[in-house]
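Participant: The primary structure of each chain is shown beneath.
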Amino acid sequence: MLLKENGIPIPEGKAAHSPEEVQQIAAEMNQPVVIKAQAWTTSRLAKGLIQFAETPAEAFQKARELFGKSVNNFPVEVLLVEKRLKIEREFYGGVIINDAAKAPEIIFSSKGGSGIEEIALKYPDRVGRMKIDVVEGLKDYHARNLIRRTGIHGSEQGKLADMLVKLWKVARKYEARTAEINPMVITSEGQFLAADCRITVDDYAVFRHPELGIEIAREFDHPPTPLDKIAYAAEKNDFRGTFYFIQLEQGFKKGEGFIGFHGAGGGGSMMSMDAVQKRGFKIANFTDTSGNPPASKVYRAAKILLSQKNIDGYFGSGSGVASQEQVNSARGLVKAFREDKLGVPAVIRLGGNMEDEAVDILTRYTADLPVKVEGYKKDDPADFCAERLEALIAEHKTQQVRYPENGLTAGHLPADAKKPYEFKTLTGRVLFDHALCAECKNPVCVSACGPQILKLESGKPVLAISEAEAAKGKCTECLACELECYFHGNKGAYVELPVPGLEEYRTRVN
Amino acid sequence: MSILIDETKRVLIQGITGREGMSRAKLMMEYGTKVVAGCTPGKGGEEVLGVPVFDTVEEAVKESGGIDVSVIFVPAPIVKNAALEAIEAGVKLLVLVPDRVPIYDVLEISRKAKEYGAQFLGPNTLGVLSPGKGVLGMIGGRAKAAREWFKPGSVGVASRSGGMTSSLAYYLSKSGIGLSTIVHVGGDAVVGLPHPAIIKLFEQDPETRAVVMFGEIGTSQEEMVADLIQNREFTKPLIAYIGGRAAKKGTRFSHAGAIVEGNSGTWEGKVKRLREVGAHVVENFNDIPAETLELLGHF
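These protein sequence lines are chains V and C, in that order.
Start counting the first sequence at 534; every next residue gets the next number (our numbering).
Start counting the second sequence at 27; every next residue gets the next number (our numbering).
Bear in mind the hints are in silico, worked out from the structure with no lab data behind them.
Just so you know, even glycine gets a beta-carbon here, dropped at the ideal spot from N, CA and C.
Keep in mind that the hints are not guaranteed to be accurate.
SDA-like mimics (lysine to any residue), calculated; alpha carbons at most 25 Å apart, straight line [claimed, not checked]:
{"id": "1", "chain 1": "C", "residue 1": "K52", "chain 2": "V", "residue 2": "D889"}
{"id": "2", "chain 1": "C", "residue 1": "K226", "chain 2": "C", "residue 2": "A102"}
{"id": "3", "chain 1": "V", "residue 1": "K815", "chain 2": "C", "residue 2": "E309"}
{"id": "4", "chain 1": "C", "residue 1": "K69", "chain 2": "V", "residue 2": "K602"}
{"id": "5", "chain 1": "C", "residue 1": "K52", "chain 2": "V", "residue 2": "K702"}
{"id": "6", "chain 1": "C", "residue 1": "K69", "chain 2": "V", "residue 2": "V979"}
{"id": "7", "chain 1": "V", "residue 1": "K655", "chain 2": "C", "residue 2": "K226"}
{"id": "8", "chain 1": "V", "residue 1": "K644", "chain 2": "V", "residue 2": "P759"}
{"id": "9", "chain 1": "C", "residue 1": "K140", "chain 2": "V", "residue 2": "A900"}
{"id": "10", "chain 1": "C", "residue 1": "K170", "chain 2": "V", "residue 2": "K706"}
{"id": "11", "chain 1": "V", "residue 1": "K930", "chain 2": "V", "residue 2": "D912"}
{"id": "12", "chain 1": "V", "residue 1": "K1007", "chain 2": "C", "residue 2": "A102"}
{"id": "13", "chain 1": "C", "residue 1": "K138", "chain 2": "V", "residue 2": "R662"}
{"id": "14", "chain 1": "V", "residue 1": "K1007", "chain 2": "C", "residue 2": "K69"}
{"id": "15", "chain 1": "V", "residue 1": "K616", "chain 2": "V", "residue 2": "D666"}
{"id": "16", "chain 1": "C", "residue 1": "K52", "chain 2": "V", "residue 2": "H550"}
{"id": "17", "chain 1": "V", "residue 1": "K537", "chain 2": "V", "residue 2": "K702"}
{"id": "18", "chain 1": "C", "residue 1": "K140", "chain 2": "V", "residue 2": "K815"}
{"id": "19", "chain 1": "C", "residue 1": "K52", "chain 2": "V", "residue 2": "R662"}
{"id": "20", "chain 1": "C", "residue 1": "K298", "chain 2": "V", "residue 2": "K769"}
{"id": "21", "chain 1": "C", "residue 1": "K200", "chain 2": "V", "residue 2": "D913"}
{"id": "22", "chain 1": "V", "residue 1": "K1007", "chain 2": "C", "residue 2": "K298"}
{"id": "23", "chain 1": "V", "residue 1": "K1007", "chain 2": "C", "residue 2": "E302"}
{"id": "24", "chain 1": "V", "residue 1": "K910", "chain 2": "C", "residue 2": "V308"}
{"id": "25", "chain 1": "V", "residue 1": "K769", "chain 2": "C", "residue 2": "R45"}
{"id": "26", "chain 1": "V", "residue 1": "K706", "chain 2": "C", "residue 2": "A102"}
{"id": "27", "chain 1": "V", "residue 1": "K655", "chain 2": "C", "residue 2": "M48"}
{"id": "28", "chain 1": "V", "residue 1": "K644", "chain 2": "V", "residue 2": "K602"}
What the simulated footprint calls covered on chain V by chain C, stretch by stretch (three residues with Cβ under 8 Å from a Cβ of chain C suffice, anywhere in the stretch; the number is not a length) [to be verified]:
{"id": "29", "segment": "633 to 639"}
{"id": "30", "segment": "893 to 906"}
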């Protein structure tokens, strides 16, 4: 569709959701058709996901087979039915980003077929590459030069050049990391068409392209799960640090050794996952909170991670020597663990900046939980932490987890508060029950506040700055007021940080 | 000596009045970096930690008596604007800290940088630190920690992972191996100063005797480093570790750069290529300090 809207001709086709629909479309076309499974994969022809049919009846048969297939455990749900082209000749055209040159590059091959890398090796004189000036763009004469170099003469040159220039424009317009037309074809009627194409939009640029309707801008090998979508929405407009979540496995059972994984930083996370896998566990999900995230972001990540049913343990570990303020991670985890009544052992490696305070917060404020939570520092290798997790899980199997009736958090002030005082934060709100605060002998919330934006007014905590400033981010959502108040004050503070869709999701799966 | 940063470089912080800008300004200044100006449009005339804030980079350059480096802490969607502004104002080295900068924005920054003879580290970088001299960005998080963790010496560190930059540097220092400069090249697919560019700077730095490199799957950076060794453009001992051995094809584990597409950028390919040219590839991360010590003993 993107191609058609931008002036690149494509074969006539229609999407279908059932074999009956495929048959009807084939009958309307009244000629041989190609049926393509719309799936998240490449090399569809070799995988049998593209079929050809001479008659509507055959199209029905082939469609039925295709609907029965699944790709990476996800069923085929949509088929594209196209008029079968009488192909005279095939070519390849692609735009990629060359990381070494730090420039876009156009590739053209006068020989078609899948696997451009192999074609380039086998027929070097048939494949041309050219860097594109990102501001100037690809000019018509650039494209003709490139095509000429691959041995093409005659009137084809101009038409192919036109298609390449348009392909570049599509790639640039939609900020594609790669945009390929494979094959570009000339039919026996002399038509030039893009017979198939694949465009990967830069996920960092998706926010600038609402017209694409991309629901979730992440590179996955599967369509996003409901939880993936909730996680993406929770992160979307919060540029303080990053939060990444991908479900790697679903439908597993308790005791099968699946671990909820919470990393910090890509490199350290990959190594930490290796450490867990070396002990025979499997990774249920990949989560990463890094780039100095606020406590609220770590809290939301933990809540989403804990929404995966049947995990046997929680493992948090990054590089081990983080620059991010680990106290924020610790507070986010503690709040999530308490609110969600953590039911599995957790081992968290909080090495790095402020690690002593972080491990202290994590362990002291989870000491009353009926499951074990251990915290480690930069001199404890990931392998050792994975060993600890293994030991805790083994120990845990013989124990019953029972939580006290009253719960382990300040409760839900929004409903219960007698004298609520509240202000908005960037992604939620802070509430104090001034009825409780009035009787508080230790208003630790004010001194614990990270950005120091609270003051006491007739003995009760209020904002020392304007509400607008707090809402714009001066309140860093560090969660110190809630936790310190719960343990040392009068349990009158609560930070409400909604995760849209999470409660509904939990109700649905439980 | 060191590369990219020392105690004499005059530094500007773009976005100094924001949450990150302010807290990292503190780190940089307390560690010894010469932060001479800040820039936030609309906030000219204010001060952050005693540093004057200007409305434009042009003004900051003029009023502060010259800027060598600009460290940028602004939201990803406006990094391009901030970077182009700094380059056109004549700043020759930029550090782009934010994550999630669109790739075509990076390409435009790169083009402008070439035109003006400027260089940039990142985006998606923790920055660079030379022990005892200065830091750009956020390596170490706080000055006290950075001083405790990283010891001065003669081994250069370059990494594509931010967290691993600090942890490598910490574990090396702990084993008694001092460091000349620690560089996080950035986690994205296109970065201004990738491994090969940093490796060349280390070659020219007389203080650096050897380099430890944390590579990753994806991109062609490690292969290009192998080319440099082959062409004798890099002649010092190189200890390399490549992360992401077990990663699934086509799925990203946070770093935009660490994605394997087709057959390029694979773990096997990088290790083979580096070994062919005589680099010392270590397969177990925890062995890096010991192997570095051993290798240093031979030179």
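Participant: Taking the hints in turn, state whether each one holds.
Facilitator: Hints, verified against the model:
With a C-alpha separation of about 21 Å, the suggested pair C/K52 and V/D889 falls inside the 25 Å cut-off, and the hint holds. Distance hint between C/K226 and C/A102 is unfulfilled; the C-alpha atoms sit about 29 Å from each other, more than 25 Å. Only pairs whose Cα atoms come within 25 Å are accepted, and V/K815 paired with C/E309 is accepted, the gap being roughly 22 Å. Among the hinted pairs, C/K69 with V/K602 is inconsistent with the structure: their alpha-carbon atoms are about 60 Å apart, more than 25 Å.
A distance of roughly 44 Å separates the Cα atoms of C/K52 and V/K702; the hinted pair therefore is violated under the 25 Å criterion. At most 25 Å may separate the alpha-carbon atoms for a hinted pair to count; C/K69 and V/V979 exceed this at roughly 29 Å. Of the supplied pair hints, the one linking V/K655 and C/K226 is violated, its CA atoms being roughly 34 Å apart against a limit of 25 Å. Of the supplied pair hints, the one linking V/K644 and V/P759 is violated, its CA atoms being roughly 42 Å apart against a limit of 25 Å.
The straight-line distance between the Cα atoms of C/K140 and V/A900 is roughly 56 Å, outside the 25 Å bound, and the hint therefore fails. For a cut-off of 25 Å, the pair hint linking C/K170 to V/K706 is broken: about 46 Å separates their Cα positions. At roughly 29 Å between alpha-carbon atoms, V/K930 and V/D912 are farther apart than 25 Å, so this suggested pair is violated. At most 25 Å may separate the alpha-carbon atoms for a hinted pair to count; V/K1007 and C/A102 meet this at roughly 20 Å.
Restraint check: the Cα-Cα separation between C/K138 and V/R662 comes to about 23 Å, which is no more than 25 Å; the hinted pair holds. For the given pair, V/K1007 sits about 17 Å from C/K69 by alpha-carbon distance, which is consistent with the 25 Å threshold. Proximity of V/K616 to V/D666 is assessed by CA-CA distance (about 37 Å); at most 25 Å being required, the pair is judged violated. About 59 Å separates the Cα atoms of C/K52 and V/H550, which puts this hinted pair outside 25 Å; it is violated.
Among the hinted pairs, V/K537 with V/K702 is consistent with the structure: their alpha-carbon atoms are about 13 Å apart, no more than 25 Å. Restraint check for C/K140 and V/K815: the C-alpha separation of about 46 Å exceeds 25 Å, so the hint is violated. The straight-line distance between the Cα atoms of C/K52 and V/R662 is roughly 47 Å, outside the 25 Å bound, and the hint therefore fails. For the proposed pair C/K298 and V/K769, the alpha carbon gap of about 39 Å is over 25 Å, so the pair is violated.
Among the hinted pairs, C/K200 with V/D913 is consistent with the structure: their alpha-carbon atoms are about 13 Å apart, no more than 25 Å. A hinted pair counts as satisfied when its Cα atoms are at most 25 Å apart, and V/K1007 with C/K298 does not qualify at roughly 50 Å. Restraint check for V/K1007 and C/E302: not satisfied, since their Cα atoms lie roughly 54 Å apart, outside the 25 Å limit. This hinted pair checks out: V/K910 and C/V308 have alpha carbons roughly 24 Å apart, not beyond 25 Å.
The straight-line distance between the Cα atoms of V/K769 and C/R45 is roughly 19 Å, inside the 25 Å bound, and the hint therefore holds. Proposed proximity of V/K706 and C/A102 is supported: the alpha carbons are some 19 Å apart, at most 25 Å. Note on V/K655 and C/M48: the hinted pairing is violated, with a Cα-Cα distance of about 55 Å set against a maximum of 25 Å. The straight-line distance between the Cα atoms of V/K644 and V/K602 is roughly 31 Å, outside the 25 Å bound, and the hint therefore fails.
Only residues whose beta carbon comes within less than 8 Å of a beta carbon in chain C count, and the segment 633 to 639 of chain V has 4; three or more means the coverage holds. Only residues whose beta carbon comes within less than 8 Å of a beta carbon in chain C count, and the segment 893 to 906 of chain V has 0; fewer than three means the coverage is violated.
In the structure shown, a violation is registered for the earlier hints numbered 2, 4, 5, 6, 7, 8, 9, 10, 11, 15, 16, 18, 19, 20, 22, 23, 27, 28, 30, in ascending order.
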